[in-house]
Amino acid sequence: MLKKLVLSGLLAAGVACAQEWEVGAIGGYGYAPHLTVSKGSAKAETGIGTGGVVGVFAGDDMYRFWSGELRYLYRFDDLKLSSGSVKAPTFSAHTHILTADFLGHFRPKESRFRPFIAFGGGAKIMVGSGIESAGQPLGNFVGLTATHEILPVADIGGGIKINLHKNLRLRVEMRDYISPVPNKVLAPAPGASLGGVLNDIQGMVGLSLTW
Amino acid sequence: MKVSKRVILALLALFCIGGTAFCATFGNSVPIRGTVSDLALDEGRGRLYIANFSAGRIEIMDTASRALQTPLLTPLPPSAVSLSPDGVYLVAGEYNNFGASTAKGGLTIFNLSAGTKQEVAINDPVLAVAFGAGSQALVITTQQFLLADPSTGTTTPLPAPVALEGKPLPVPFSTFPPNIIQASTGVSGDGQTIVILAQIANGDPKNAAVLIYRVGQLQVGVLGIISTPPLGPRSVSVNQDGSSFMAGWTLMSQDIFGLADVPYANGDFRLGGHVWDNIRNQIYVDVPVTATEAPVLHVMDTDNLTVRQRIQLPQTMSGRALMSSDGNTAYAASEGGVLVLPIGTLDGSAPRVTALQEDVVFLGDACNRQIISKLVNIVDQGGGHVDFKLSLPNGTKGVQLSQTSGVTPASVRIDVDPTLFQNAKGSTTIPLTITSAAAINIPFPVRLVINTRDLNQTGKLINVPGKIVDILADPVRNYVYLLRQDKNVVLVYDGSTLKPLMCGQQQCQLRTGNTPVSMAMTDDQQFLIVGNDRSHLASVFNLDALQADVPIVFEDGYPRSIGVAHGGIWATVRVVSPPADVTCQGGVSNNPLYRVDFDNRTASAPPALGVYCNQVPADSALAGTPFKNYMLLAMTDGTAAMWDAGSDTWVVSRTDGTAASGAFGAFGDDQFLVDNKVLDPSLYAVATLESASGHSSGMGVWIDRNTGLRTTNASDSGPGTIERVNLNTLETYSARLTAEAPVLASTLTTPPIGQIGETILPFTRTLAMAPDGQSILLLTQSGLTQVAILFDAPTPVPMVSGLVNAADGGTDVAPGGLALVHGSGLASRSETAFTLPLPSTLGDACVTVGDIALPLFRVSATEILAQLPFGLSGDVPLVVRTPGGVSDPFTAHIQTFAPAIFHTGQAGDQTGLATVVRQKNDDFVDFTNPIHPNDVLSIYLTGLSQTSPPAPFGDVAPADPLSVTATPPTVTLGNSTLPVLFSGLVPGEIGVYIINVSVPHGVPSAVQTPLTVKQGGFSTTLQVRVVNP
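One line per chain: the protein sequences are C and S, in this order.
Note that this note's numbering has the first sequence beginning at 1, numbered continuously upward.
Note that this note's numbering has the second sequence beginning at 10001, numbered continuously upward.
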């Protein structure tokens, strides 16, 4: 799936080669609803913390209402784990996200304001970079682990592009990057279960050059 | 030809056998054809000017070659000599105290730059001449105090409030300047203060005057001193700023008279001298105890004259001594001339042999009757190779030295056969004497303590070297204070662990005056007061800060026993100047009791003690009652007196008529103990406690305040006895023998060593309740003995139910491993060892495996942690012995190897973690700290058996060389074999092994992977989490 998505994104970009190009930087803030880990009747909450996200993207307006783009994001997302008033110390982590997306616009590309929806997919690499410690609080639920794992990711979202100038474009958007639970970085302890998907909702503002 | 240094040392040792004349001494003596009255050092010209009194000239000694040059002649006998600060003028004072002479004194002023001299006539004999930092010399004659200007030869008189004297001339043969002139001078390091010790003109040798002159002032301060013995030697040493000085045998400050005394001065003006070392903050003192003893230089502290070293001199100092400005050389007048002492070498190369240990303790017990070996380290403080000889008292049996002579540094093994001491059932102390032909010092002997307690004896021995004369518990701060008399300190111990309290890197010690005798805490428990028998003060310490506070001054004498009750602090005093207003039956009371004004830090003797004469022998003792409502005064003639805090008077006194000593104190407000006598509130003896168990030593009150405690001593080398006192029937009960005897005055009284003071009161306080109330502390032969609060609780017969390793609790145990003995009645109390090597008796219990006593870490009624012996495997009987009896033998299956990983790790709220540590984060491996590729792991375990070289049994493994396992283990992680980087004992630990392994790159991730340690067919496995990457 990952391979297909990437290829189709590249294909789309190739098709659009003769069209209007766009390269920009983007940044914002991400929020991920917690995951629930259970062990018997006991439960704890884990996941990734809110944190900044920065990245770059490149795309092309292939058609009057459709465009495609490639995007790399670096998400600051320390791992979190808590149960009631008990919290594990912050465990440093970050995620690399690489996606290819289709963007459907509600206004033609000549418009100054172009609301759009986006969907696509790719891969994310979660990296736990904190210092492991024996006796980590709530270690009987989840071990916050200094390792990395590669996960498929799908994303969906929308926003608006604003042409500020002939070659300068602003965009405001919201995306939800949806991936499986990272159970190597957030390793469920023996007897504990951690299921579901990980949503990572990011609100971002981007600035891009077009030609 | 090359001759080794060791051969030379051996030859020196041979020469020394013939007598001390061939033994090493410190420094050189330069003979003077005449007699020396004073010295002046001219560092600019490299000269020492030596006033040669009887030859009538100033000798000039070249300080480099020590050769005498052409002297400077004086018209009259030179009594004093001093060099101006600019080095131009040398002023000689002259003493021509012949009865018929009209010119009895004078000055000769030598201009050393111009080569001229000037005579100045003075009517009176000159006693002292001294330059400070000013341009004028202070000149003291028998009648006048003058300032002399050496450039003009004019003198300016200063007020002279006291007339001084010297001996008239002529004098009989063999009379020397200090006995004639009777004066000496010292100048502070900054040159601003001149101190002169002289004789007051009334013919009494006990009446001296200390003259203090501040440069630039127009008057001389005079302090009259009456001393017994007379204030000899006639030598004065002053510190850098003139705030403290030593005159004769006493140390003074400008604020406090009599800071500390040299304990055993004989008062001879000629014999001895001293010099202050402002660089090292020490005083070098030669004050002979007797006129005939070999000369010894004592290196003393400048605040309380604590003796640090004793150095052999070629001659006795005699009066004036000087120190070079760089502190490297001292010049001292001596019996035959001048001593040149290379003081700087005392910091370095001067050969001084000493033992690193003060005490060496051998603990035998009912389980351990094998030879006990200990090491004593003989070193040269100068860092060199110096000969030494070791000797034991004649007739000593059961103690063998691996060598009785040798060259430093050396570790000498001392083997003690406890069977030869087992009948003592207490502690035998034997001095190990160290001598050396090449060393300049007189080493302090090492005390060998050999304890051979039996099963029925109780208490844990805690070695405290030195002469401990008093004990106090501080429940407010959980401290225990021990008064060490020979070092003039209060040792502060933690009340729970009974280990020395640390203040930074050093043990907390409170420095007292000289020869401290007793302690007391103030009523508010904020201050500790210490009476000192060689200081005119009681030391005071702020206990919260553990710092010295303003002391209490006793101008008339020396405080000894201090008693505290509500609103009153009293002190017995060795009075030397009885106050005239304290009388008894028409005569002056020669030794009254003093009351302390703590706010003003003074003490005074009231004219009477209520209706009683204030006459109290100095060896009496004071003790407040537990609730501080009354105070007991006990005297050796059987007299007792009581102070009532409520009425603020001495309300009763009664003489029993029999001599008393030993225990004294109060069980409560209404019951007192003096020796064996229990006294009621009227001090009437209402009961006599048994004396069959020995002489009374200490007493106290149990925590419930309803039971008394008492200790006795039948023999110093035997067991002691602790027993309860029923305060209703006034009978003793529950007597129990202690591991060693409590001290008595006779125990503490030993032959004095040089000028180390010793004052032992006949009444002894040797018992204190531990601050936490959980045990009883006794002052005993080797230091402290800790006795359980329920020492008399019945002890069941021990029964062993199992033996497991102390790592994972498995039943596999191996030689040298740590093991847990399970059972019941295994010890009469819980106790943990904190001395090394580990004791074989703990909590009054001992354990043998195949007749080998096990070193014990901790004991309780149900569990004993011990180390198994190396080299013993198979099925062997394990037996536990307690006062309750001997257990039935338990068959211990000791395997050749039994690797077992400890589960003693603790992290966060997790306990019982396996002791596998990732070196990357120095943390235990567990689910949240998994193993990663390339990790280096340290696995701590026991049961790896023999090492190479063999490790000590019951003692820590050495760091150099490391003890490597004789049979290498293998370690696997899943299917991967982990390279072993090291396998052996952990240095500094007992029975704990470590295996360091590295984790290869390709280990697969798994939540649970077996980590297996295998040795000689025996293995242990642990499940661990591996994460890759």
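Just to be clear, a hint being listed does not mean it is correct.
Unchecked claim - What the simulated footprint calls covered on chain S by chain C, stretch by stretch (three residues with Cβ under 8 Å from a Cβ of chain C suffice, anywhere in the stretch; the number is not a length):
1. 10361-10373
2. 10926-10934
Unchecked claim - Cβ pair distances, simulated, as ranges:
3. 92/C <-> 10936/S: 51 to 59 Å
4. 10904/S <-> 199/C: 40 to 48 Å
5. 199/C <-> 10909/S: 25 to 33 Å
6. 10909/S <-> 92/C: 21 to 29 Å
7. 49/C <-> 10950/S: 52 to 60 Å
8. 10872/S <-> 92/C: 48 to 56 Å
9. 92/C <-> 10981/S: 54 to 62 Å
10. 49/C <-> 10478/S: 33 to 41 Å
Just so you know, the hints here were simulated from the structure itself, not pulled from any lab data.
Small disclaimer: the values here were computed from a predicted structure and weren't measured.
Positions of the beta carbon are idealized from the N, C-alpha and C atoms, including for glycine.
Against the structure, the hints come out as follows:
1. 10361-10373: Violated, because only 0 residues of the stretch 10361-10373 of chain S bring their Cβ atoms closer than 8 Å to Cβ atoms of chain C.
2. 10926-10934: holds (count 6)
3. 92/C <-> 10936/S: 51 to 59 Å: 23 Å, violated
4. 10904/S <-> 199/C: 40 to 48 Å: 43 Å, holds
5. 199/C <-> 10909/S: 25 to 33 Å: 32 Å, holds
6. 10909/S <-> 92/C: 21 to 29 Å: 22 Å, holds
7. 49/C <-> 10950/S: 52 to 60 Å: 56 Å Cβ-Cβ, so the 52 to 60 Å window holds.
8. 10872/S <-> 92/C: 48 to 56 Å: 52 Å, holds
9. 92/C <-> 10981/S: 54 to 62 Å: 30 Å, violated
10. 49/C <-> 10478/S: 33 to 41 Å: 46 Å, violated
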